[in-house]
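Whenever a hint applies, use it, and build me the whole structure from the sequences.
If you want the building blocks of each chain, they are given just below.
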Amino acid sequence: MLDQLISSLTDGLLLGFVYGVAAMGLTLIWGVMSVINLAHGPIIALGMFGAYLLFTHLGVNPYLAMAPVAGAGLIVGLVIYVIAVHRVINAPHLSSLLATFAVNMIIIGVGTAVFSTSPQNIDYSLGSVEVGFLTFPASRLVGAVGAILVTACLYLFLYFTRPGKAIRAVANNRMASELMGIPSSRVLALSFGLGAMMAAVAGGLIATFFPFTILSGGPYELKSFVICVLGGLGHPLGALVGGLLLGGLEGLIPTFMPVSWVPVVEFGLFVLVLLVRPSGLFGAK
Amino acid sequence: MAILEVNDIAAGYEGVQILWGVNLKLEPGRLTTLVGSNGVGKTTLLKTVMGLMQPIDGSVSFQGKDVTHLSAHARAKAGMVLVPEGRQLFTEMTIYENLEMGAFSPRARATFSQNLDKVYELFPRLQERTRQKAGTLSGGEQQMVAVGRGLMAEPEVLMLDELSLGLSPRLALTLFEALTRLKKTGLTMLLVEQNVTMALAVSDYAYVLAEGKVHLEGPARELSKNDEVRRTYLGI
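First to last, the sequence lines map onto chains A and B. Read in the working numbering, the first sequence has 21 at position 21, and its numbers run on one by one without any break. Read in the working numbering, the second sequence has 130 at position 130, and its numbers run on one by one without any break.
Hints are computed from structural coordinates only; laboratory data are not their basis. Any given hint could turn out to be false.
[What the hints assert, rightly or not] Taking lysine-lysine pairs in the DSSO-like style, the calculated list, with each CA pair at most 30 Å apart, reads: (1) B/K225 / B/K213; (2) B/K225 / B/K184; (3) B/K65 / B/K25; (4) B/K133 / A/K165; (5) A/K165 / B/K118; (6) B/K65 / B/K225.
This structure is a prediction, so every number in the text was calculated from the model and none was measured.
Shown next, in the form of structure tokens:
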């Protein structure tokens, strides 16, 4: 019993790192510009298809494919910002929600037409890893390591580079940034691009675990919301911890009750945290 | 020739016009002060000069060029720097990072280390706690960071909005001393200050704003002897 628990927990935690990356994309965008990106799920799905297409049609190793997927995610994010988000950036929240929701519908519509909704998968196995009595797919381990790398890169970027610091400055006080000569609109576009990049990479990594369709991003978008609330919306590192928490729960719950209860528990927790600690478990205020 | 010229600026917020044709000139190397009662539009004028607000009418020119339609960050890059009311620091960032952000534009980056030395010399207190988050500082220290951040931007014109607001008389004095030291380096400054006595004492030239227009102007020393100014703003 204990063996099984630990093994489910490990499984869940490894997955949780990747959830964390997905949620980081959402939380970064919120933290910088107070926009909830409702196109987050479809961008995750685009990441899945990016990795899939590169692997199936060009024979690119799915893990190496993460680099072009990240680059494409960044560009997609920049384009979405310029076309749909920038003009409503100072408008009430409803406008940006509707704008990103429209993008969501566009991506899903076009994606359904192009890829249909039959499930695809990346047929690439790394075998399994055994650590003591634990056995889990190696892809999970590589995925987790990838997620940690991405998180570390984001952290280093935000704290040790000029554009990264500019992002933090704009997030902190947009007017003051303008007064200091920081082109805040460009910084917002970059932040949105980075958020989309995180989503795409998370999608690419998830595609190495599970089959997917163009609609698969939706559940991960919802998970990202739960994670952001757990970790405190706007805190990238909180998102990683929240991801681990959610992943751990997803691993553990099925050992006690049917799998179909997972979302019930997740969203129950979501509501509970919102009621008790609306700033998130690790939120400052 | 004036380094900064404000020509017939009319500005306001939705439905409420506040400025009705303000004219102002900053001569290089001079400390100019803007006096006026609360709500007369001093901050509105500075915001319009910086491009945080678009004027209804009129123009702003800087170093002979019309900048009326430039964005705030482009003006900052050119050397127009505002230390805003309420300090507006990057509260989640350290003192050092705040100063670094001040020197964001390429022009300011070139002189980063000299300017950093200058700021530390002016406010030694900042050097003692460079890694501290700006949001955790006292009001006076925050104002020092705000001025320091403005200086890091390598300003051609430094505008200071309500420098001493909310500070103890002693801290206010420290900041005014810093101002006079900066004046000696030949920096052009525009000061908006509720402490009119102090402001007129350190300034070369002054404008009195009333009813959305420049009501009086002249050398600061003369204005401080003007009966109307004494009655209305100095309370004598």
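Against the structure, the hints come out as follows:
Only pairs whose Cα atoms come within 30 Å are accepted, and B/K225 paired with B/K213 is accepted, the gap being roughly 21 Å. Simply put, B/K225 and B/K184 have alpha-carbon atoms about 24 Å apart, close enough for the 30 Å limit, and the pair holds. At roughly 14 Å between alpha-carbon atoms, B/K65 and B/K25 fall within 30 Å of each other, so this suggested pair holds. Using a Cα cut-off of 30 Å, the hinted pair B/K133 and A/K165 holds, with the two alpha carbons roughly 14 Å apart.
As the CA atoms of A/K165 and B/K118 are separated by approximately 23 Å, the hinted pair is consistent with the 30 Å bound. Of the supplied pair hints, the one linking B/K65 and B/K225 is violated, its CA atoms being roughly 35 Å apart against a limit of 30 Å.
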